[in-house]
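Student: Sequence:
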Amino acid sequence: METHYAVQLMTEFDVGVGYLLKDRVSDLATFAADVRRVANGDCVIDPELVARLVGKKRQGDPVGTLTDRELKVLALMAQGRSNIALSQELSLSPKTVEAHVRSIFTKLNLAPDPGDHRRVLAVLAFLRGAPRT
1 METHYAVQLM TEFDVGVGYL LKDRVSDLAT FAADVRRVAN GDCVIDPELV
51 ARLVGKKRQG DPVGTLTDRE LKVLALMAQG RSNIALSQEL SLSPKTVEAH
101 VRSIFTKLNL APDPGDHRRV LAVLAFLRGA PRT
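According to full-length UniProt numbering, the sequence shown is numbered sequentially starting from 1.
Do not take every clue at face value.
[Claimed, not checked] Here are the computed lysine-lysine pairs in the DSS-like style, where the Cα-Cα straight-line distance is at most 25 angstroms: (1) LYS22 / LYS95; (2) LYS107 / LYS72; (3) LYS107 / LYS95; (4) LYS95 / LYS72.
[Said to hold, decoys possible] Computed beta-carbon distance windows for the label pairs: (5) PRO112 / LEU28: 14 to 22 angstroms; (6) PRO112 / ASP61: 16 to 24 angstroms; (7) GLU12 / SER93: 21 to 29 angstroms; (8) ARG36 / THR65: 19 to 27 angstroms; (9) ARG36 / LEU90: 22 to 30 angstroms; (10) ASP113 / GLY41: 16 to 24 angstroms.
Note that these hints are calculated values from the structure, not bench results.
Bear in mind the structure is a predicted one, so any value in this text is a computation, not a measurement.
All C-beta atoms, glycine included, are put in the ideal place defined by N, C-alpha and C.
All chains, please: the whole structure from these sequences, using the hints.
Tutor: Right under this line is the structure:
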């Protein structure tokens, strides 16, 4: 997998971005749902790509300071999941999810800025630090 292609795609477009692996688009219902999410302006990254990236902690990279739970939250964020969806999928309270997201932003030095979308910046930080495969 070439993670740098996903990073390049996500940095060149503000909304409506998707990166799916060709062998995973055979599930037409999932593919159609992903296309609808991209059309609605969401960011969709293939879960297999995210899972591989999450499994590789990197030294000297702030993403490497994230806990396993924070990495899981970040992986789901990379798939375009909202906090409510994270809460349901991880069986956590919405407040706990918010705490994990805040912690991720803090560890990645992503201060609030009205001109930036911190969720996207967190995913980009994650992808930029990923080794080329």
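Student: Hints the structure violates: just list their numbers, smallest first.
Tutor: 1, 5, 7 and 8
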